[in-house]
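Use the sequences and the hints to build the structure in full.
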Amino acid sequence: MQKVNVNTPITITGRHVEVTDAIREFVTKKIEGIRLDFPRIMEVKVLLDVQRDRKISQVILFCSDHITIDASTEGTDMYACIDETITKIMRRMRKHKTRLMKNYRPHHQETIRKLDETVYDDSVLDYPGESKEDPEPLLIHRESYNLKKLYKEEAIMELELSDKPFVLYRNARRDVLQIVYRRPDGDYSIIELGTTL
Numbered sequence: 017m018q019k020v021n022v023n024t025p026i027t028i029t030g031r032h033v034e035v036t037d038a039i040r041e042f043v044t045k046k047i048e049g050i051r052l053d054f055p056r057i058m059e060v061k062v063l064l065d066v067q068r069d070r071k072i073s074q075v076i077l078f079c080s081d082h083i084t085i086d087a088s089t090e091g092t093d094m095y096a097c098i099d100e101t102i103t104k105i106m107r108r109m110r111k112h113k114t115r116l117m118k119n120y121r122p123h124h125q126e127t128i129r130k131l132d133e134t135v136y137d138d139s140v141l142d143y144p145g146e147s148k149e150d151p152e153p154l155l156i157h158r159e160s161y162n163l164k165k166l167y168k169e170e171a172i173m174e175l176e177l178s179d180k181p182f183v184l185y186r187n188a189r190r191d192v193l194q195i196v197y198r199r200p201d202g203d204y205s206i207i208e209l210g211t212t213l
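Numbering (the working numbering), first residue to last: 17 to 213.
A few of these clues could be false.
To be verified - SDA-like mimics (lysine to any residue), calculated; alpha carbons at most 25 Å apart, straight line:
1) K61 with I26
2) K164 with I195
3) K111 with T24
4) K180 with Q194
No lab work stands behind these hints: they were computed from the structure.
In structure tokens form, the structure reads like this:
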């Protein structure tokens, strides 16, 4: 059981900010203070960024079993941002452990909520503020995505452990591409991508 993360390699990078010894010591003490027994932390990367009056801290934990836990926080005080980010990381780790513990308990009969299907015609979907002269949106960020074979429960766990809006994966049972995302009401939805175009 890993009690304290004393010998974990910690990389602290500053963008537009100098990483002082005080900040380095504060981050190191916070990371070493994370008490856990699962998952084992292999490496920690901390990114500190200053953009005008916004301070941003991002912490990424690379753990055993290919688990990556990340969190970021924005604010006006760098120390408060770091503290809040570590709190988010610890919350996600507890959530991950709780979910793993639930998976090993005997399952009760699952219930599925049925939602009525509603079909709207085009006149309802037209918004009065839209016009043909609206500018085209710009592609701001492109990201490459590693496709993993996961079970539905693992994909939901990965979504909870990161700040990503969705997780794209290949279903390990059915060998089809699926996307899991968090709905505004807090539940999860899965989109299955068809094979025909």
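These are the hints, each one checked on the structure:
no. : hint           : verdict
1   : K61 with I26   : holds (6 Å)
2   : K164 with I195 : holds (12 Å)
3   : K111 with T24  : holds (22 Å)
4   : K180 with Q194 : holds (15 Å)
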